[in-house]
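Take the sequences, apply the hints, and build the full model.
Using the numbering used here, you'd call the opening residue of the sequence shown number 1 and step up by one each time.
Please note that the accuracy of each hint is not assured.
Stated by the list, open to error - Pairwise CB distance ranges (calculated):
hint, residue 1, residue 2, range
1, LYS338, VAL242, 40 to 50 Å
2, ALA353, ASN269, 39 to 49 Å
3, ILE97, GLY382, 29 to 39 Å
4, ILE108, ALA306, 38 to 48 Å
5, ASP164, ALA207, 52 to 62 Å
6, GLU188, GLY324, 28 to 38 Å
7, ASN335, ASP372, 22 to 32 Å
8, TRP93, ALA375, 21 to 31 Å
9, VAL357, LEU193, 30 to 40 Å
10, ALA353, GLY324, 11 to 21 Å
Hints in this document: simulated from the structure, not taken from any laboratory.
Note that the coordinates shown come from a computational prediction; the quantities given were computed from them, not determined experimentally.
A virtual CB, placed ideally from N, CA and C, is assigned to each residue, including glycine.
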Amino acid sequence: MSKKLKIRDFRVSLFVNKCIFVSKQSLIRVLTTHTVCLHKYKWADAGRGFSNNVKIMEQNNLKKIFSLFFFLVFAAASCWATTESLRLLLPSWPTAIVWSVTIGFFIIASIGTKMIVDSLNQNIYLEGRGIRLMGGVVLIVIFWLICSMPTNTHTFFYRMSVGDVVSQDLATTKNYLHQLHDNIKNEEEIKQLTNQLESNINAQLIALENEIDNIANPGFGDRAKSHLDKIATTLQVKAIPVLSFKGTSPQQIKALKQQYRTLVYELMNKRIEDLRKNNTNPEMQLYKAEAEQGLRDIEHIQEQVAKMNLESRVDNETILKADGALKKGYATIKNYHKHIRFQSAKDRDLYLAPNPVTKTSRMLSVIDVWKDYFAGLYEGRGFIFWIILSIIIDVAAFIFFDYAFKRRDD
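Okay, structure coming up:
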């Protein structure tokens with residue numbers, strides 16, 4: 001009698017080749033013996049499999065815990081940034097509500113990424129893959145691309161740049177208020193008029209003195225009288241009296257010229273006084289007082305902003321105070337812009353806009369910051385870096401979220 005027993009994957013194949021069982025009892029005895037061995041093998045293998053499955057489950061659970069932890073870390077950073085941005089944009093909203101909205105938006109965005117990942121995962125059974133993919137894309141666009149990422153970028157950029165922007169805004173506004181307070185444009189216009197007058201009078205005096213010195217006709221004659229009339233016209237007086245002279249000696253001629261020069265300068269100084277009186281802006285007393293108050297407010301807040309920048313921190317209360325002082329300054333500048341010389345066309349457009357918005361105010365608004373970025377106003381300020389950082393934080397959170405709640409069909 002010969003027999004072979006082959007065991008594979010908990011299945012038994014009994015091959016009996018050229019086997020002659022003497023009796024029925026012999027066959028039963030052989031089968032019984034190998035069945036017991038088979039059961040022993042199956043239980044031992046099942047025990048080892050169960051142990052391995054437990055270890056795998058423990059490892060997976062540990063990875064899920066770590067993934068959930070890191071998801072919460074990155075999600076917290078992202079939600080904080082979004083909340084900070086929304087609080088600046090919507091200061092009237094209670095902080096608790098802003099946080100609730102922010103967390104809700106981020107969770108929805110995370111679910112959207114998981115829907116996309118699951119729909120692309122061919123290792124699991126999933127119904128409606130196309131619908132899930134489109135739904136995930138819609139959620140990502142609305143709750144991440146439109147809400148989370150822009151606000152995060154705004155917060156990072158704001159906290160790194162607002163101190164510099166506020167300082168520049170205060171300095172520029174202060175400069176224009178100084179122009180009003182010191183009446184610089186009006187003084188420059190008066191100075192230009194007086195300089196022109198002095199230049200013309202000096203040129204005409206030289207012509208008069210040259211005629212007095214004329215060897216062919218020394219002293220004061222008809223030609224000299226013509227020059228004197230021109231000077232009178234320039235000084236807007238009826239006439240300049242002709243001075244008497246006794247001789248034509250060099251000393252007498254020199255004395256005559258000096259007398260005319262003294263007389264003309266006296267008349268010119270009177271004319272300068274008239275020019276100043278007639279060309280001084282009647283509104284000066286109004287805008288000078290307003291500008292003086294604006295300068296005091298700005299100088300006071302400048303000290304606080306300088307201290308904040310020195311300590312490398314961002315104090316939103318200080319920023320808002322600065323914005324309040326700037327808004328008053330902007331209003332004064334717009335009201336009396338005719339008496340200001342703007343340093344650039346951009347400044348003119350900024351301060352004379354139908355509804356002027358300070359540069360500081362624009363930093364407080366995520367919408368205005370992105371508008372200014374696309375308009376090219378933040379070149380050299382590293383705005384792209386903050387966009388990339390915002391994307392990295394959110395994508396890391398999404399990856400850990402997907403792993404923590406990964407679907408497996410084992």
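Consistency of the hints with the structure:
1. LYS338 / VAL242: 40 to 50 Å: Cβ of LYS338 to Cβ of VAL242: about 45 Å, so the range 40 to 50 Å holds.
2. ALA353 / ASN269: 39 to 49 Å: 44 Å, holds
3. ILE97 / GLY382: 29 to 39 Å: At 32 Å between Cβs, range holds.
4. ILE108 / ALA306: 38 to 48 Å: 43 Å, holds
5. ASP164 / ALA207: 52 to 62 Å: Holds: the Cβ-Cβ distance is about 58 Å, inside 52 to 62 Å.
6. GLU188 / GLY324: 28 to 38 Å: 31 Å, holds
7. ASN335 / ASP372: 22 to 32 Å: The hint (22 to 32 Å, Cβ to Cβ) holds, given that ASN335 and ASP372 are roughly 25 Å apart.
8. TRP93 / ALA375: 21 to 31 Å: Holds, at about 28 Å.
9. VAL357 / LEU193: 30 to 40 Å: Given about 37 Å between the Cβ atoms, the range holds.
10. ALA353 / GLY324: 11 to 21 Å: 18 Å, holds
The structure meets every hint from the earlier list without exception.
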